[in-house]
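*Asks:* Now for the letters of each chain:
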Amino acid sequence: MSDSDTRVGGAAAGLSSASDAVALMAGIRDLSSYIDGMKREIASVSPDQMKSTLIDPATNELDATVEATAAATNTIMDVAEKLSALTSEMPAEQGNKVMDCVTQIFEACTFQDITGQRIRKVISAMRAIEQRISSLAALIDAGEGAVQEKPGLANPFDQSGLLNGPQMSGKGHTQASIDDLFSSGS
Amino acid sequence: MAVDMKMNVLIVDDYATMLRIIKNLLKQLNFENVDEATDGSKALQMLKLKDYGLIISDWNMEPMTGLDLLKEVRKDEKLKKIPFIMVTAESKTENVVIAKEAGVSNYIVKPFNADTLKGKIASVLGAF
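So the sequence lines, in the order shown, correspond to chains Z and W.
Here this note's numbering is used: position 120 in the first sequence is 120, and no number is missing along the way.
Here this note's numbering is used: position 123 in the second sequence is 123, and no number is missing along the way.
Be aware that one or more of the hints could be misleading.
Claimed, not checked - As a list, the in silico BS3-like pairs of lysine-lysine whose alpha-carbon atoms are at most 27 Å apart:
1. K110/W / K121/Z
2. K97/Z / K23/W
3. K121/Z / K42/W
4. K27/W / K110/W
5. K82/Z / K118/W
6. K82/Z / K27/W
7. K42/W / K71/W
Calculated from the structure, these hints are not laboratory results.
Let the hints inform the model, and build the full structure from the sequences given.
*Replies:* Structure below.
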């Protein structure tokens, strides 16, 4: 039994038997081991690396989703407004029916506002989680690069081995640039 | 008393898409004069330059929220009687209570349809 165990044992003198004290000591050692393990886990998370490889790309993807749905919604509303204008050239009965449909299109477009707000909440939550992890890591003095990132934590945004999938606006190839590549004769 | 469809209506939302949707729905309801503002402070400036018969405002905006706009409107002698409908995705009871205490005329929860909008407008202006 170590000195520290003896001291704790002394403090636990009120226990009914020596076996209780030994059990208590074992419990404390387990707890200490658990805390050490947890510290190693937290230290293995590099907050800066997590921000650049996970959080930032994820929020960019979500921002792009909001932008894409907003653009699509505006296109839908452009068409709905044109339809609405055309109703003045229609017989009243047909015009009213078309106008009812146009109204339903506008009503349905409110989804964009709602989904945008929900996605912004998710982005805020992700930022909050990032800050909490950074604070926790700083608290246990993890330090950037103190421990290598765990190999099991695959980066879902690393698609170097795959096709690129949807690109952010201004990134990757446009259809025109692809067409140019094909027509260049190479 | 019949609703004056030529009255000036001010819609306030920081989201351009939502402004456009509400404006179109109001047009379907035959409101002819609809102005737009993208936050409470801009709306307040517009309210001081023109006579409005109805305000339809989002709650969540920066820098001035819909609730702050409502409070400013209600404490202004010239503006305090303008019907004010709050539109928001936040449907928590406490928010409704806060808006009610601040003097909101009615409250619409997003997403909403043309019938809901018409019903809420009718509740503050009378049937049309």
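*Asks:* Given the proposed pairing of K42/W with K71/W, does the C-alpha separation stay at or below 27 Å?
*Replies:* 15 Å, holds
*Asks:* So if I understand the rule, the pair passes when the alpha-carbon distance is 27 Å or less; does K110/W with K121/Z pass?
*Replies:* 16 Å, holds
*Asks:* Does the structure keep K27/W and K110/W at a Cα separation of 27 Å or less?
*Replies:* 19 Å, holds
*Asks:* Between K121/Z and K42/W, is the straight-line Cα distance small enough, at 27 Å or below?
*Replies:* With a Cα-Cα distance of about 25 Å, the restraint between K121/Z and K42/W holds, given a limit of 27 Å.
*Asks:* Do the alpha carbons of K97/Z and K23/W lie within 27 Å of each other, as the hint requires?
*Replies:* 20 Å, holds
*Asks:* Is it true that the CA of K82/Z sits at most 27 Å from the CA of K27/W?
*Replies:* At roughly 14 Å apart (the allowed maximum being 27 Å), K27/W and K82/Z satisfy the hint.
*Asks:* Take a quick look at whether K82/Z and K118/W sit within 27 Å of each other, Cα to Cα.
*Replies:* The given pair, whose Cα atoms are some 23 Å apart, holds under the 27 Å limit.
Of the hints listed earlier, there is not a single one the structure fails to meet.
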